[in-house]
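Residues per chain, in single letters:
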Amino acid sequence: MILSDNLLPRFLRKRTQFLFANGSILRMANVTGPSTFYPRTTVDMKSSNGSLTFTRGKRSRGGGELQQKQKMVNMLSLISPRRKQPQRIKMAYEDLLRHRTVHRAWQLVVRTKRVDRRLELQKQYYKMKHACDELRKTSQFLYESAMQRPSSIRFPMEYRIPTLSPPRRIWDATWRPPVGEKKRRRTAQL
Amino acid sequence: MQDRIDTILQHYNVTTVEDIRDQKSRADAYLASVEIEKLRINAEISNPEVIHQFNSGNFDMKFPVYRFLARQRWEKNDRLLLMDRLENMKVIPDTLPTLYPRVDMKLRFPGKTTHWIDPGRIMSTGVTAQAPEFSIQIFEDATKLYTIVIVDPDTPDLESDSYKTTLHYILADVRISGNEPLVDKAIARELVPYLPPHPEKNSGYHRYAVWVFEQPDGERLAVQQREGKDPVNVDSLLERERFDIRLFRSAHGLKAVGAHFWRNGYDSKTEGVREKFGLGPGNVYTHKRFQHYEDYRE
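Keeping their order, the protein sequence lines are chains Y and G. With the UniProt record's numbering, the residue at position 85 of the first sequence is 85, and numbering never jumps. With the UniProt record's numbering, the residue at position 1 of the second sequence is 1, and numbering never jumps.
Treat the hints loosely; a few may be bogus.
[As the list claims (entries may be wrong)] Straight-line alpha carbon distances no greater than 25 Å define the calculated DMTMM-like cross-link-like pairs of lysine to aspartate or glutamate that follow:
{"id": "1", "chain 1": "G", "residue 1": "Lys164", "chain 2": "G", "residue 2": "Asp154"}
{"id": "2", "chain 1": "Y", "residue 1": "Lys90", "chain 2": "G", "residue 2": "Asp22"}
{"id": "3", "chain 1": "G", "residue 1": "Lys76", "chain 2": "Y", "residue 2": "Asp95"}
{"id": "4", "chain 1": "G", "residue 1": "Lys76", "chain 2": "Y", "residue 2": "Asp116"}
{"id": "5", "chain 1": "Y", "residue 1": "Lys90", "chain 2": "G", "residue 2": "Glu75"}
{"id": "6", "chain 1": "Y", "residue 1": "Lys90", "chain 2": "G", "residue 2": "Glu49"}
{"id": "7", "chain 1": "G", "residue 1": "Lys38", "chain 2": "Y", "residue 2": "Asp116"}
{"id": "8", "chain 1": "G", "residue 1": "Lys62", "chain 2": "G", "residue 2": "Asp22"}
{"id": "9", "chain 1": "Y", "residue 1": "Lys113", "chain 2": "G", "residue 2": "Glu44"}
Hint data in this document are derived by calculation from the structure and do not stem from the laboratory. Note that this is a predicted model, so its numbers are computed, not measured.
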């Protein structure tokens with residue numbers, strides 16, 4: 001029978017908490033049976049020669065909920081970009097000079113490519129624009145049909161996704177659509 | 001690089017940049033000179049040898065690269081610090097309305113261990129009893145004349161129950177070039193001799209603002225008498241007790257290019273400074289505010 005702590009007279013109650021200088025608390029449970037609670041305050045009281053072995057529990061007030069929240073916060077901070085920066089470059093003076101030269105040269109290469117690509121795209125865009133302006137002057141009907149955007153529906157939803165190898169059963173002649181309420185038609189009429 | 005410079009000059013049909021000003025206009029000449037300077041900078045800026053020379057301090061300011069690098073270094077840190085201090089301590093609206101800094105102005109007081117002080121530093125009255133040393137670093141390839149004015153906007157003015165500006169020092173015709181930033185007082189003209197700071201007890205920290213003005217057209221400092229306007233009385237401008245720095249600036253046609261300041265409060269050395277320079281005993285202010293000043297005045 002497990003005797004509750006409160007029913008024992010005070011002088012019979014064992015000292016269950018030992019507070020150390022570094023803040024950790026050594027706790028002992030007064031139950032003789034196996035502890036089914038969270039193991040931070042468990043005590044392994046089994047021993048062969050009568051001496052007791054304890055486990056240390058860190059002082060924690062909030063308990064499980066606070067730790068779970070902290071874990072959640074840690075995971076979110078890993079995903080978020082807050083305070084994430086490239087590493088600071090630590091180099092000797094001469095190496096820094098070399099790094100500067102190389103860095104500037106590379107930035108120049110990248111800038112040239114970027115500028116050239118931008119110029120190319122710009123030329124293409126304005127060619128298209130001028131062509132469309134000329135078309136508009138020529139024929140309003142042709143211009144408007146050219147300005148129509150294609151339908152965003154490309155394939156019917158029921159189409160089979162292509163795979164590398166064929167299915168085990170290639171064609172089921174006896175297949176019928178499942179009987180149920182008719183869904184709204186979302187695909188193009190074929 | 002040289003062929004690109006030649007193309008710019010050919011565009012204007014001239015051989016040198018100075019000819020553009022005569023042929024076309026000052027604006028065109030300025031733009032062309034800026035373009036040419038950019039080309040000269042870009043030709044040398046990638047060279048690590050140049051960077052090393054700059055970092056080790058042995059360079060000549062006649063080269064546009066070094067001027068550019070010096071200016072870049074100043075703008076990155078010291079200029080920001082200066083503007084921050086000037087604005088936070090409100091030196092800027094209290095003396096002149098604002099400042100667009102063009103020169104790197106440094107200030108130090110002579111003594112055993114002297115460093116260039118950072119703007120707004122609280123100094124001891126004993127240290128500031130001596131006239132400070134200045135260094136004006138310009139980022140142009142020119143030799144110009146500058147005027148240095150030291151002003152205290154925090155002297156209590158009991159009549160108006162406010163503050164007035166006192167004049168502490170004016171040094172005019174300071175010749176400065178890119179390679180010689182240190183101010184040589186022997187060549188310059190001291191209009192108003194140095195009056196050491198002597199703040200009164202319980203009047204708080206006084207700001208001593210140092211303004212650097214560029215003299216117009218590199219000429220000697222002189223009052224610009226305008227036609228059609230009232231003649232300016234030169235003597236009234238240099239009044240120590242009640243100095244109007246804005247009037248001084250406009251009367252002489254000066255352009256503010258740099259500033260600095262330090263702070264002084266009443267400390268253990270102030271009485272000694274007053275005695276040494278014959279400045280008389282100062283007032284002692286209290287926290288209690290009197291209703292009518294006239295009743296308590298002796």
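Does Lys113/Y pair with Glu44/G here, judged by a C-alpha cut-off of 25 Å? 23 Å, holds
For the pair we were handed, Lys164/G and Asp154/G, check the Cα-Cα distance against 25 Å. Holds, because 6 Å separates the two Cα atoms, which is no more than 25 Å.
For a C-alpha distance cap of 25 Å, please report whether Lys90/Y and Asp22/G respect it. 53 Å, violated
Holds or violated: are the alpha carbons of Lys62/G and Asp22/G at most 25 Å from each other? OK: Lys62/G and Asp22/G at ~24 Å, within 25 Å.
With the threshold set at 25 Å, check whether the alpha-carbon distance from Lys76/G to Asp116/Y stays at or below it. 31 Å, violated
Tell me if the straight-line CA distance from Lys90/Y to Glu49/G falls inside 25 Å. 21 Å, holds
CA of Lys90/Y to CA of Glu75/G, is that 25 Å or under? It holds: about 24 Å lies between the C-alpha atoms, which stays within 25 Å.
Restraint status (C-alpha distance of Lys38/G to Asp116/Y at most 25 Å): Distance of about 22 Å is within 25 Å: holds.
Regarding the pair Lys76/G and Asp95/Y, is the alpha-carbon distance no greater than 25 Å? 23 Å, holds
Consistency with the previously given hints fails for numbers 2, 4, ordered from lowest to highest.
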